[in-house]
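Those protein sequences? They're chains A and B, same order as listed. Position 197 of the first sequence, counted from 1, bears residue number 197 in the numbering used here, the numbering being contiguous throughout. Position 304 of the second sequence, counted from 1, bears residue number 304 in the numbering used here, the numbering being contiguous throughout.
There could be a bad hint or two in this list.
[Claimed, not checked] Under the rule of at most 16 Å between Cα atoms (straight-line distance), these lysine to aspartate or glutamate pairs were calculated in the EDC-like manner: (1) A/K236 x B/D43; (2) B/K442 x B/E428; (3) B/K442 x A/E21; (4) B/K74 x B/D149; (5) A/K236 x A/D134; (6) A/K333 x A/D309.
These are computed hints drawn from the structure, not numbers from a lab.
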Amino acid sequence: MSSSIFSSETVRRYGALPRKERFWHAAIAVAAAIAVLVCREIPPRLYGTSGCQGGSLGSTAVASLSDRTEVLFAGSSHVLFGVRPQRFTVHAMNLAGTWLDYTCIRAVVARHLHRVPNLKVAVIEYDELPYVSDLVPAIVATRDVRPLQELGLSPAEFPTAGAMQAGEVFATSFMFPFTGLPRVTPLAWRNRDKSCSPLYHPPRGFAPGYYYTDGVTPKNFNAGAVFNSLAKASQKVNVVRRNAAALTATIALLRSRGTSVVLLRLPHARDYVTQRPPIVSARFRELQRIAIAASRSDAGIAVWDLGEDPAFAPADFCDNNHLNAAGADKLAKLLDAPLRALASKTVAEVP
Amino acid sequence: MLFNSFVFIGFFVVVYAAYVVLRHQAQNVMLLLASWFFYGSWDWRFLGLMLFSTAMDYAFGRLLARVQDPRRRKLILVTSVTINLGILFVFKYFNFFAATLGGMLHVFALDPGAPLLQVVLPLGISFYTFHNISYIVDVYHERVEPTRDFVEFGLYVALFPQLIAGPIARPAHLLPQIRTPRRITYEMFRTGAWLILLGYFKKVVLADNMAAFTKPLFANPQAFHGLEVLFGLYAFAFQIYGDFSGYSDIARGLSKLMGFELMVNFRHPYFATNPADFWRRWHISLSTWLRDYLYIPLGGNREGTLKTYRNLMITMLLGGLWHGAAWHFVAWGAFHGVLLCVHRAAEPLLASLRSMAAASSVFVRRVGRAGAVFAFFNVTCIGWLLFAAPSLRDAGTLLRNTVAPALTHGRLVAVTMLCFALPLLAMEWAQERSGAAVPVVKTWPRALRLACYIAVFSAILLCGAVERHEFIYFQF
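All chains, full assembly: derive it from the sequences and hints.
Structure representation (structure tokens):
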């Protein structure tokens, strides 16, 4: 064998090295192992663990799914902040996460459907964001598997694009005990009050059986950056096609169980549509065509577009596209009656 | 498949496991396939272009081996170089020149409607194009034997540790290592492992933590003033150094584990005292490539003072353009070209200063050198401003804001630099003083060495940026 250090001869020669030399190699290995263990303990002791432990919104929502659940909301951060399930008079639950795309929504819904046997209505967010976004690569890039893991998916269930991405997801998940820790840097120390990942939303409030969070305007909110991300994501034709197919498949899955499907566009601030990049608007129009075609072909599918509903004032938003607590309450009042009506129909009544 | 991704680590483990059990020829074939897979993992379409380029230059090399007529040999050389540069031009520069021409004609109220190509810049195209050109030029000048083996040549072009961002290999250096069975010595393995560890430190601890400060600075130049800009520029200097030299170290380390010796690409560049010294230390594989294949063929410094300045300017302008199709890269090249010319013109004065310094005490000499290092580091940072700012206008804004009243301070950037750049500089200073080619850490007592290994390893675990940042030089 040419690679001499790996030949049996080398192993024999290694064994013949002075004991002192071999002891030195062992010392490096042991010190590295100790360093790994020590490093694991340093950040929690430095920063504390408040706000990072316990159930997050996603995991609590997943844990709360039951045969009482009649309405299920699924979508991105618009749903996470804008829908307060406890405000509805029907038993509702949220399965939502930041930048959740239709492919991930499909995986999450399919994963939990068996736990909600009495589900009457599934409300799926109808927006350009889940249509163009691609969450799994973002998870890999930020090395944070929680957005999907907390919605009940194991790394093996993440909707990955190929074996390589699946490998990255597994490695990301495996290394998360380290990469998930806050960094020991001056910048992280200054931001220690936000030391949990921004994708992590610990419950801010409690109502019997429900957890919710409030949409709060981030200090560094930059609408331009959000639009840039959306515009960039809109250019990925393959991702958009995959998301479109996933939306259609999710609807088909739900309809095959006799569940009514509502495609809900949540309210956006008035300047949102005017500032939206043309390519993103074009993607929304594509989605609109898909939604309208679906609703025309099946009376069990409804499209509720509140995107530019005049009932929502600037004071109802925490930024240009997320509702705040007041806005979420207003939305709940608006949707409660129609959702209750839909949910009260028996399976036989649902066409 | 970035070096700082888990999937790359998995890829390397698999490749390495196969590598160590195979014999020499099979190793080469496996490495070539793995390198193509590595490259194709970004976008399989990039692979097609690289395969075309590889096949073409292999064929031209074979042709040069058979043809003796000087005119025909020259024709083959010119054809190959033209096609290589043509590919580079189409994929990297066409839109830049078309837009520039369109802009110029627009000034004269002409609208040529110059067509822009909808092409993606293939990763590492500048690097492998330079590999190919140096091969064909060296074969033409009979400095290397043209290889008969396509696997050998393919591996010379595509060897994955150095494929995307160098170091730019020379055929006379790399081809013999591919051709002959490689022997991985314990010393190589040890040095390789250390280089990989150091490279990851430079990338994920130094460069990626600096990126948190430099990104907002260059994204919104108007918002920063005074010390914040100055420290931001220092941060970028360390970011680009950590990013690029980190990549080079990892590339060299991985290669050493497989028995390859790649060229040293950085030699403590921020200890340079003048521009000529800087270019002997920064991106050495590019600067020597430009020297050997551009500056010297242009005449170098053999044809009088004015022509030397001209040659320096042409070399540095093209060197700047090599980094990217944008005017700020050209300006960066011109800036360094002017520095080199000024330094050359001031050489008699500098020589007399040096002789004066030689007569003074050791302390004065050391202080003088430290002053020169700091002064030239600041000059380098002005260059980085041109390099990193999205446009020349933004560079101007930042330069103005540096001397504007300091409404904000850059304490956090300064502390971060102290935490991460200072230890690295201290180690480089020790290396600089030792003057040895081997890593200075290997000469330290065992206890100190162990402490150093563990400190670097722990810093990667604790302080390394979690978000995956691409290497800056991938875009070139």
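Okay, the hints, checked on the actual structure:
no. : hint            : in the structure
1   : A/K236 x B/D43  : 13 Å, holds
2   : B/K442 x B/E428 : 13 Å, holds
3   : B/K442 x A/E21  : 14 Å, holds
4   : B/K74 x B/D149  : 23 Å, violated
5   : A/K236 x A/D134 : 9 Å, holds
6   : A/K333 x A/D309 : 14 Å, holds
In this structure, the one hint that does not hold is number 4.
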